[in-house]
Amino acid sequence: MISKKVILTGSFGVGKTSLFNKFLYNRFNDKYMTTIGVKVDKKVVNVDGSELSMLLWDIAGEVSQDKVPHSYFLGASGIIYVFDLTRPSTFMNMASDIEYLKNLLPGVTIKIVGNKIDLVTPERMAKLETELPLPYDILTSAKEGDQVEDLFYALGKDLITNATTNV
Amino acid sequence: MPQPTFENFRRQELLLNQQGEIIESDNELFPIKMMANLSTFECFPLVASMFDSFLHLEIDATPVTVPGVSPSCDFLCGFFDFSFSKIGTIDDFQIKWVIEDCTDKYTYLKEEMQIHNDSVIKAERDRQKQDK
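From first to last, the protein sequence lines are chains V and L. Those letters in the first sequence? Residues 1 to 167, per this note's numbering, in order. Those letters in the second sequence? Residues 1 to 132, per this note's numbering, in order.
Bear in mind the hints are in silico, worked out from the structure with no lab data behind them. Note that the Cβ used here is the ideal one computed from N, Cα and C, for glycine as well. Among the clues, some could well be false.
Which chain L residues face chain V? A few, computed with CB under 10 Å, are given here [stated by the list, open to error]: (1) F41; (2) E42; (3) F44; (4) S49; (5) M50; (6) V64; (7) V69; (8) S70; (9) Y106; (10) L109; (11) H116; (12) N117; (13) D118; (14) V120; (15) Q128.
Build out the structure end to end from the sequences listed, making use of the hints.
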């Protein structure tokens, strides 16, 4: 079975732990509890008949990615960069963060995720489309479970494609 | 107020072979028999996710330290700093794994961080309300 390390990163309070808990344990807690350090767990995902073991790292949020300990990124194949659609401060540094991650991990697969879509009106979303520094890959609601499975499935699909292409 | 100091962390040292199996442990934090018949990688997905990288470290190079690990296994609760280094010779090496119990330090930092993050988020929300 193919095994890949995936890191959930982004600013604090954007819902990384909520996405982690929703995907792994189908759990959601409305109260914001800050994450310190790192928690790692795994889930086997079936992608078009191929099994992929995702080793997921839920790490403490940082306003800027260069503050994350380098060791956390060692051996990572996938990055889920999460921002909060309701807090502009969490996507302000997105362009520099993504550039930093691409330099640190050349060839890494990155998914840019706007979370808390359940709190955004269609009008506000239309405005946000023009404000975001980079295009997003998917919009999720960890609370409602919207597109959470889709996010990990899409990432898994890319990781398997990359693994087979690079053999 | 001065920051509290945290020191004299309890620690456990383990040696892993090139397949990630435990070949030695001083069992200071947990007896490895608590892992039952599960492998290192099953009990510690973090080690599984990094082990290939450890195999490519230089012998006796500065250890790779992963701070603030909250293990997902049920026999080791709290926050720990993990560090990994490669020891031995190029042909016959092991991975040295040190687990340091820093629960008190990270529990304190978590409480501080919660207060800080809550206040930053509240200030952002208040500013957004004013702007509307």
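Against the structure, the hints come out as follows:
no.: 1; hint: F41; result: holds (9 Å)
no.: 2; hint: E42; result: holds (9 Å)
no.: 3; hint: F44; result: holds (8 Å)
no.: 4; hint: S49; result: holds (4 Å)
no.: 5; hint: M50; result: holds (5 Å)
no.: 6; hint: V64; result: holds (5 Å)
no.: 7; hint: V69; result: holds (6 Å)
no.: 8; hint: S70; result: holds (5 Å)
no.: 9; hint: Y106; result: holds (5 Å)
no.: 10; hint: L109; result: holds (6 Å)
no.: 11; hint: H116; result: holds (8 Å)
no.: 12; hint: N117; result: holds (5 Å)
no.: 13; hint: D118; result: holds (7 Å)
no.: 14; hint: V120; result: holds (8 Å)
no.: 15; hint: Q128; result: holds (8 Å)
Taken one by one, the earlier hints all hold for this structure without exception.
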